[in-house]
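For reference, the chains in residue letters:
2 protein chains.
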Amino acid sequence: MLGTMQDEQLSLATLLKYAADFQGDRTVSTWTGDGVRTQTFRELGSDAARLANALRGLGIGEGDRVATFMWNNNEHMIAYIAVPAMGAVLHPLNVRLFPEQLVYIANHAEDHVVIVDASLLSHFSELLPKLKTVRHVIVANGDAAKLTAPAGVQVHAWRDVLSEQYDSYAFPVLDERSAAGMCYTSGTTGEPKGVVYTHRSNWLHSMQLVAPSGFGFTAGDTILAIVPLFHANAWGIPYAALMSGTSLLLPDCFRQPEPLLAMMAATKPTFAAAVPTVWSGVLTALEANPQDISHLRTAVVGGAALAPAMMHVFEEKYGVRLLHVWGMTETSPLGTAAHPPVGTAKEEAWSYRYTQGRFPAAVQARLTAYDGTAVPNDGVSLGELEVRGPWVTGAYYSPGESLVDPEKFRDGWLRTGDVGTISPNGFLSIADRSKDVIKSGGEWISSVNLENAVMAHPAVVEAAVIAVPDEKWDERPLVAVVAAENTCVTPVDLRNHLVTDFAKWQLPEHWAFVDEVPKTSVGKFDKKRLRDMYAAGELTVATLA
Amino acid sequence: MLGTMQDEQLSLATLLKYAADFQGDRTVSTWTGDGVRTQTFRELGSDAARLANALRGLGIGEGDRVATFMWNNNEHMIAYIAVPAMGAVLHPLNVRLFPEQLVYIANHAEDHVVIVDASLLSHFSELLPKLKTVRHVIVANGDAAKLTAPAGVQVHAWRDVLSEQYDSYAFPVLDERSAAGMCYTSGTTGEPKGVVYTHRSNWLHSMQLVAPSGFGFTAGDTILAIVPLFHANAWGIPYAALMSGTSLLLPDCFRQPEPLLAMMAATKPTFAAAVPTVWSGVLTALEANPQDISHLRTAVVGGAALAPAMMHVFEEKYGVRLLHVWGMTETSPLGTAAHPPVGTAKEEAWSYRYTQGRFPAAVQARLTAYDGTAVPNDGVSLGELEVRGPWVTGAYYSPGESLVDPEKFRDGWLRTGDVGTISPNGFLSIADRSKDVIKSGGEWISSVNLENAVMAHPAVVEAAVIAVPDEKWDERPLVAVVAAENTCVTPVDLRNHLVTDFAKWQLPEHWAFVDEVPKTSVGKFDKKRLRDMYAAGELTVATLA
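Protein sequences appear in the order of chains A and B.
Everything in the first sequence is counted per our numbering, starting at 56 for the first residue and increasing by one.
Everything in the second sequence is counted per our numbering, starting at 56 for the first residue and increasing by one.
Because the hints were derived from the structure by calculation, they are not lab data.
Since the list gives no way to pick out one identical chain from another, each pair is judged satisfied if it fits inside one copy or across any two copies.
Lysine to aspartate or glutamate pairs mimicking DMTMM-like chemistry, simulated, CA-CA at most 20 Å apart: (1) Lys463 to Asp62; (2) Lys72 to Asp466; (3) Lys72 to Asp433; (4) Lys72 to Glu441; (5) Lys185 to Glu246; (6) Lys323 to Glu342; (7) Lys494 to Glu526.
None of the values given here were measured: they were computed from a predicted structure.
Given these sequences and hints, build the entire structure.
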């Protein structure tokens, strides 16, 4: 028996109309270095209609991909809503990727149009000759004439393109499972993989972002979206802002701590969202030049683990609550948010806030051991996190047919590659990546937990833990240690330092002192290189009894 | 082009599992008159599985209707989630309806099972012989043996039925458009009409209830649900509570102001939800015996217009924010909630809070004039409110085929029968019902606004306004006035009293002094009777020039 409810499709066009009509006085503002250029949601609605008309004039129809190569600014936001509303597919390109990755991604996605920020033209002009499906380039915020187009590609100026158009558009009624946007993961191994968000997934994800268990936006709030619009569906912020009447502040290319603080001083946002490295840079700048940032109700932090110490300094010294969230490109991205239950006593509340956070009702979660068996949600047992839900991807994009890679999916669940625990009341704590965790005698040992504990020793500068093969236990941990200058510390000292926090079988027996831990291009420990060094016999290893 | 997102169906079974697993320590409690009987969401999950097993044992399958005839208590809540989770359809019967209405509704819905509270057995036993499709009755909270069953009907005791069952159930995966629950409107004219909620509509509606623009529940909150579970989908509270980790307090049959206040003193809820008459009774009791109720973060008020004076007393004297909401059975029911934008200055904020509230993104709204033309959202122009959205009904239930009554639907929009204004930023103010509004010269005049203004005159006890036919203007207002004893007031006095607040064409020329305004069984002005009296020449009418 079916219900009598209207079969109203969740649609970003409806969201745009709502924002332009009933939240029309809310604003989108871009930092210019010494002020903001601002438009209302009402004006955003008109410009989105103009862009939709312009794109239709360039031959873009339903399902066609429109890429962006842009900073966080008003023009990017207009594209963010106009492209899916007209039934086309928004594909923000990550301007920080290597040229060969960008070329692969744009060709794989078959982008027809690219909207490019003029400040990125020199970078983009290298790529353009290699983009096989691009027929039109629209240059925003600068001189389109500076771009030399290859044969078969037309270059347009954003301002000219929009000024010729009507400010209304008959946005189509779409199946809510239609593609709205794409995002490619930039994995460290293999080719980038594409995820295709839908109108439905973006709408439901926005409702969760707006919920108190998500970010908790209310009409009248203002969010400084430092997280790039080209990264992981922009954490869902653009659509959640339109849904809730939250004004948007966009930093354009001014992403360094000092301009961000200047922007905050001028605009007083109630929310901000960024990765931990941004917050740590902001904190350093704040400590040098203190400034009142208590206008921030919440600073959302995701993308990597957040150090508890930083949470305490922000809250106790600057009156800003840091909210730890977890997610990934494949999950739209909001998976969890670390809100303690209201009424929790302060110290216990902190212990909740250090975790990655709690799952909402729509994101089902389970832990799986490396032999595929179920791991209990007891807050102690480690397992690989698997999730499912209406804003979790069920496949990777491939022209013609989606790919369900068995290494990434199991029985309809997404295998996240993150290893951690889930508490009985649904709080996730991530301990490691599945490729880094040590599989020892049927149990998992977190390399990250060991690293943090070793690095807490005063004589240690850095420590990286990798798995090395073991005949009896399958794998055992090896610790590569950089000792502080003029100190004298032994493997036995370090192992003794760990005994209070780790079970006996978790204690590493293999230790190697190194001059430095090899790093990736983005500064993370390069554990693959370390494993190669171990295999090649390049490490001097001491093994304790 | 479709997306790669999982085609995860929104399902109340998933919600039950989430609540029982990850919000398992939250509770449902029923007031006993001097305390509460409580179970955790975890225990609720076990009992829901037991009930599902029991119902399956009685032959209930997907799509079968299971009725309830219950107060707000734990057993009713178990049925609320177990019945839809197993794929059957929950049909709460309004225990306050007349027997002939209840018989019509239960037969129309083809209820197979009725779960009855023992305290309502004498009322129910009158109905039972006339219920054509009921085969099983389950009696909760008392002695099942007191019910004499007609031939073909089996009577069971709730406790016996559940105690024999397993505490787990393989809840089916359902199409999210499957029926989850039914509710009949008790219109003043015609037969009651059924609305059939779906898993999808209840899920999406719960997300909106949880949003800050709805009720704003957070994990750790506690809501006293005074609104009956048998009324208008229980305002969506049961499912929103499970979604957010909000504990539920249920008053059972103790719905009078004093026991409600005793319950609040004992349980300290952070939310409560009820119609204005309940709040006005609570206020009277509070004024007689003051008590601290500032534990209430928000008291939600809907179902009828809320007097501004009551909002001020609750907030200024008792520290409780009354939140005005609007909705109807056909809208699940949440349509609007009167949250001013944050940052609004206090006096302006009050003007927002007096309205019925703001529409959320998923509920599209428009005003239509009585000739079918569009009315602007200018905050002044009156029109009939029409709405659409994923939790708005698109038809009324009829066995075999749903009914789309053209008097209630227009081009896929629900005609609410409410006449009012919408401000440019989406706030709804209801002025009247469409059947009561006066259609004069192409414009609408609100009978309610005139009544309130006339009743504000010190010499007036009551005033009811009806439309009377007019050759030139189609209709004109007639005011039936009950004057205070020992006063001497004339139609001219009263019209002069109105001139500052109404345009000249809105001022009534027809006045009739009456001893009392006729009332309906629930105490509302009986305007149909008044119109009949006018037509029969039973009113003495003075007509001003």
